[in-house]
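Just need the whole structure built from these sequences, with the hints factored in.
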Amino acid sequence: MTKSKSSKPYDERTDHEKLHSSWKKARAQFKRKDWSAFVTRVATAAEIATNIYVRGYLVDEYHLPWGFVDNLLKDANGIVGKFLRLVQPIARQRETWTNIKKIQEKHIQPLNDHRNEVVHSGRFKNRGKAVEAFTHGLAVINTLTPFEAKGLEVPK
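Counted the way this note's numbering counts, the sequence shown spans residues 5 to 160.
Keep in mind that the hints were calculated from the coordinates and are not lab data. Any given hint might turn out to be false.
To be verified - Distance windows between CB atoms, simulated: (1) Lys37 <-> His67: 22 to 30 Å; (2) Pro69 <-> Ser125: 16 to 24 Å; (3) Phe72 <-> Val158: 32 to 40 Å; (4) Asn81 <-> Gly60: 14 to 22 Å; (5) Gln108 <-> Gly60: 12 to 20 Å; (6) Lys78 <-> Asn130: 26 to 34 Å; (7) Thr18 <-> Gln108: 24 to 32 Å; (8) Arg127 <-> Ala32: 35 to 43 Å.
Said to hold, decoys possible - Straight-line C-alpha distance at most 25 Å; calculated SDA-like pairs for lysine to any residue: (9) Lys37 <-> Val158; (10) Lys37 <-> Thr139; (11) Lys154 <-> Asn75; (12) Lys22 <-> Lys154; (13) Lys105 <-> Thr139; (14) Lys110 <-> Thr48.
For glycine and all other residues, C-beta sits at the position ideal for the given N, C-alpha and C.
Shown next, in the form of structure tokens:
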């Protein structure tokens with residue numbers, strides 16, 4: 005596969021670009037019926053939405069250095085760690101925790117479980133499980149970064 009001259013290396017992209025790129029790749033994997041890769045990619049997109057939420061608070065609102073926030077995100081390790089260690093305290097501070105906590109058990113944990121079954125246990129997913137993961141991932145993105153979710157299309 006050749007890379008177009010205009011595409012940036014992944015590590016140089018903004019979180020917004022990474023989220024939309026991951027979603028586009030997930031849609032292609034869904035089309036190819038590559039269910040396990042799709043699940044992993046959707047989980048990645050949801051985790052990037054978590055990064056956007058955290059950066060929006062710590063960098064945009066409190067002007068903390070990007071590198072410092074990046075280290076916090078890396079140390080929080082995964083969507084569950086980021087949610088519990090970073091999103092939860094931010095949402096409590098913003099007084100939005102009542103609305104946001106609903107996605108923890110209903111969407112974040114099941115999505116993380118689907119991802120971990122693929123990545124750590126070598127399990128394969130079917131279309132039904134991929135659709136479940138899609139539902140969970142989109143719910144996380146809609147809740148944490150509704151402005152990002154507007155441009156995301158449902159895989160067909």
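request  = Return the numbers of the hints above that this structure violates; sort them in rising order.
outcome  = Numbers 1, 2, 8, 11 - these are the hints that the structure violates, sorted from lowest upward.
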